[in-house]
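Chain residues, written in single-letter form:
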Amino acid sequence: MAQIAITLAEIAEKIGATLVAKDDQLLVSGIATLELAESDQISFLANPSYRKQLVDTQAAAVILHPDLQEESPVPVLVMNNPYVGFAKLSQLFNNLPEQPIAIHPSAVIAESAELGEGVSIAANVVIGESVQIGAGSRIGANSVISDHSIVGDNCLLHANVVMYHDVVIGNNCILHSGCVLGADGFGFAPDAGNWVKIAQLGGVRLGDDVEVGANTTIDRGALGHTQIGNGVKLDDQIMIAHNVVIGDCCAIAATSGIAGSTILGKNCTIAGGVGIAGHLELTDGVHITGMTLVSKSIKEPGAYSSGTAIMPAKEWRKSATRFRQLDDMARRLKTLEKNQ
Amino acid sequence: MAQIAITLAEIAEKIGATLVAKDDQLLVSGIATLELAESDQISFLANPSYRKQLVDTQAAAVILHPDLQEESPVPVLVMNNPYVGFAKLSQLFNNLPEQPIAIHPSAVIAESAELGEGVSIAANVVIGESVQIGAGSRIGANSVISDHSIVGDNCLLHANVVMYHDVVIGNNCILHSGCVLGADGFGFAPDAGNWVKIAQLGGVRLGDDVEVGANTTIDRGALGHTQIGNGVKLDDQIMIAHNVVIGDCCAIAATSGIAGSTILGKNCTIAGGVGIAGHLELTDGVHITGMTLVSKSIKEPGAYSSGTAIMPAKEWRKSATRFRQLDDMARRLKTLEKNQ
Amino acid sequence: MAQIAITLAEIAEKIGATLVAKDDQLLVSGIATLELAESDQISFLANPSYRKQLVDTQAAAVILHPDLQEESPVPVLVMNNPYVGFAKLSQLFNNLPEQPIAIHPSAVIAESAELGEGVSIAANVVIGESVQIGAGSRIGANSVISDHSIVGDNCLLHANVVMYHDVVIGNNCILHSGCVLGADGFGFAPDAGNWVKIAQLGGVRLGDDVEVGANTTIDRGALGHTQIGNGVKLDDQIMIAHNVVIGDCCAIAATSGIAGSTILGKNCTIAGGVGIAGHLELTDGVHITGMTLVSKSIKEPGAYSSGTAIMPAKEWRKSATRFRQLDDMARRLKTLEKNQ
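Protein chains in written order, with my numbering: chain W, 1 to 340; chain Y, 1 to 340; chain A, 1 to 340.
In case anyone wonders, no lab produced these hints; they're calculated from the structure. We put the CB at the ideal spot given by N, CA and C, even for glycine. Treat the hints with caution; some may be incorrect.
[Claimed, not checked] In silico BS3-like cross-links for lysine-lysine, where the CA-CA straight-line distance does not exceed 30 Å:
#1 A:K334 with W:K334
#2 Y:K296 with W:K314
#3 W:K52 with W:K22
#4 Y:K314 with A:K14
#5 Y:K314 with A:K338
#6 Y:K334 with A:K338
#7 W:K314 with A:K266
#8 A:K338 with Y:K338
#9 A:K14 with A:K266
[What the hints assert, rightly or not] Just so you have them, the derived chain A footprint on chain Y, three or more residues with Cβ under 8 Å:
#10 43–53
#11 189–198
[As the list claims (entries may be wrong)] Here are some chain Y residues pointing at chain W (derived, C-beta under 10 Å):
#12 V84
#13 S106
#14 D209
#15 G290
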């Protein structure tokens, strides 16, 4: 892959840092950790626990908080939030192959579809009736966008993405491979031991700047839409059920699932493997730790957990057995206290 | 999308309700909740907790149980099971785009494949040797059906579905995007620190009226088939391992997994995030609550759970620490009782 | 499908067993359990709990440990590890349809891609710039391999697999449908309530003999690669986050997830539904039981668990309530002991 080389001066400007260096035209061609960085790579110090590695770093320059500026043996890119500096820097070195601004001849595109300027459609893409693709958006190979769906501007759909009909995504969204937006919500009416399907008549609505991980699924609404706010980040293998509403800038880690009609406030962070039951409401700023089952609404911001901590299996079996007897133990404890 | 409009009389006939209305030719064009319904939309009252919304509803008509018929301010569609009425009604307003009854020229279909009458094959579909597709079935874009597999009549495969070889599905099945039927079961023999692959020689068999959610996987059997009964409903992101047998009309919610050779009886309901260990047997009518680990067979119908309830993380850490000491606590409690 | 028939002598040679039989030219055409095997099928006894079925078996021959050789009423294939014998036998009867050694005309292959000898490319495959496919590898329909990625020799990619750019897999790997290798790791820097994307600059590296299940995702590294060792077996619906390192010959069951930068030693076995937090280190030979949350590093080999055992839901609710009071119970117990 082509090598990228950028001067320190250019980097400082693009990431919004103040450069402290003798040679602002020094060329750098990559990013690495403080420990591994070589003389043509930039590093950063965001986590204080790596501070001791600063003194020995071989990096061409380091992104640092002003308080640590004096400790660096190498040129410094000074910023109040070095981790954001690193994030912006990483984008400068992005090695994602460019997709040609063209419609691949193997793509199958309905005549009624409207493609904006600078759109790129890769091989074997299938685009349905009345679909709209915004300017600058790129659709990866073998993706399918069904009738009446809308992709905003500057979106990036990787290979093998599926958008069902009536799915609308905002600008600057990234959808990773294997994600499915708009499959039917899981709705059935019980009828004498059988299940009668409830047609899922709503759609899916994503705001701007949403990222959806690989093999994540967001189901369409039953009546009304499933809604994902602006700036929401979803990891891989997540399940968002019908009519869920996720507030702006929530981040949800992999393999979590949110059941139907649940509402998340803004700026919630949900760790991996979490399950959130249906028809609940979580306020803004809730943090759920890994593999927690959320079985009731949460009205106060803060961190919440369920489950037990890991143990050697042999000892765990004893605790698990005692867990079954907990109510009995509690009653016996009370009796002892009374008889004291 | 085209607007659908139906008379109340037609709706009553199609959902099996008794219409109580002055004007049975009133046209309605949608469905909404009691609270949101406008004068051209139908609503329903299935959950008693919404009963108080009935008196103020603006709906064109409401599907109601006979007991509540007198309370409605608007025309009534009377049924013993209003929720089933709603389900049937939703199907009348289904807005899934129609797929043309045709073979798209980009599809790659083996000469030995047999397609029934009225079959629809979308763009870029790949169909293998000796595959059979039943009458009226629709195969979505970019789906792949491998050699010797069989799709029943009136099935709907959405885009990007994969059926491996020797996978047989019944009539009226719905497979959502990204689901994979017939990948190899997870079988390996340990051999001095390495794993020797056990070829998975069985197939997958689905009954009639089965729905499989987006990105759900059903593995093929090792010897013999993995079997899914009639009327089974599987949500998204579910994993069904090799040689699992699922009884008729079970419903399983998203992100659950069932390990190899486990047998579920009929009419079981499995909530989301559940894990069921291998080689177990669950009788008919078992209900498993969310994120439960089922580690032994279940012989009595009823509801079962594991895990702990959600707490503020700070308090949870204390309980989790004590959980590790539970066996010790139980012994000390016993000692106190003895010494009493 | 074509019937396979093999003589006992040929089987003995191919699985490395000693044949004890009057007629070593007897033809067999399948495998079955001791109980179900018919006179043209081979069976095996690996699990002692099936020993009592041996005496009545109708199988053409049985794979047995030398110690049990005398108990067989039918010809015997003697091996020290009968389960490995069964595994090798199953491969002889593999019924996976052969894929023609050819490039399907509908495939879209960059001119700079290099295909080895005997490569098979199915319909609608898309292969990017500078991709290398090793000799004898087969790429299933509708799969996508992006720029600069490398597939080793004798690999099998089933339908609808996605490899992003800069993903390198070794020889003899099997990737099942819907798996995604190289999607972006979940990396964002918080910036005043918003998330700034960290471009994921690393790739994915798989060793030889790795199997990846259906709909499993392995994310690319942030800086440096996500690494999967030789002989690792991953089941379906697994999530491997960025910069995870998995040691040789680990086996991980379905729906488990491993968070970023965690390192697994060699020969670990992870059951289904397990979650492993990020930045941890597990030594060689660790076994994690189903649905355990691994929240700290593990330095000793052995089995580990978390969670609670399944109970009837009604009783479980009592234990779950008491779990919340555990710290209080422990303090009261201590007080009683003091006052004794």
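Here is what the structure says about each hint:
Among the hinted pairs, A:K334 with W:K334 is consistent with the structure: their alpha-carbon atoms are about 13 Å apart, no more than 30 Å. Among the hinted pairs, Y:K296 with W:K314 is consistent with the structure: their alpha-carbon atoms are about 17 Å apart, no more than 30 Å. A C-alpha spacing of about 24 Å is found between W:K52 and W:K22, which places the hinted pair at or below 30 Å, so the restraint holds. A threshold of 30 Å between alpha carbons decides the hint, and for Y:K314 with A:K14 the separation of about 60 Å lies outside it, so the pair is violated.
Restraint check for Y:K314 and A:K338: satisfied, since their Cα atoms lie roughly 27 Å apart, inside the 30 Å limit. Between Y:K334 and A:K338 the alpha-carbon distance is near 15 Å, which keeps this suggested pair within the 30 Å criterion. With a C-alpha separation of about 22 Å, the suggested pairing of W:K314 with A:K266 holds against the 30 Å cut-off. With a C-alpha separation of about 15 Å, the suggested pair A:K338 and Y:K338 falls inside the 30 Å cut-off, and the hint holds.
A C-alpha spacing of about 29 Å is found between A:K14 and A:K266, which places the hinted pair at or below 30 Å, so the restraint holds. For a cut-off of 8 Å, the count of residues in the region 43–53 of chain Y with a CB near a CB of chain A stands at 0, and the three-residue condition is violated. For the region 189–198 of chain Y, the assignment as covered by chain A holds, since 9 residues bring a beta-carbon within under 8 Å of that chain's beta-carbons and 3 suffice. Interface restraint check: Y:V84 against chain W, minimum CB-CB distance 5 Å, threshold 10 Å, status holds.
Among the interface hints, the one on Y:S106 holds; its C-beta lies about 6 Å from the nearest C-beta in chain W, closer than the 10 Å criterion. With its C-beta approaching chain W no nearer than about 8 Å, Y:D209 sits inside the 10 Å limit, and its interface hint holds. Interface hint at Y:G290: satisfied, since its Cβ lies 5 Å from the closest Cβ of chain W, which is below the 10 Å cut-off.
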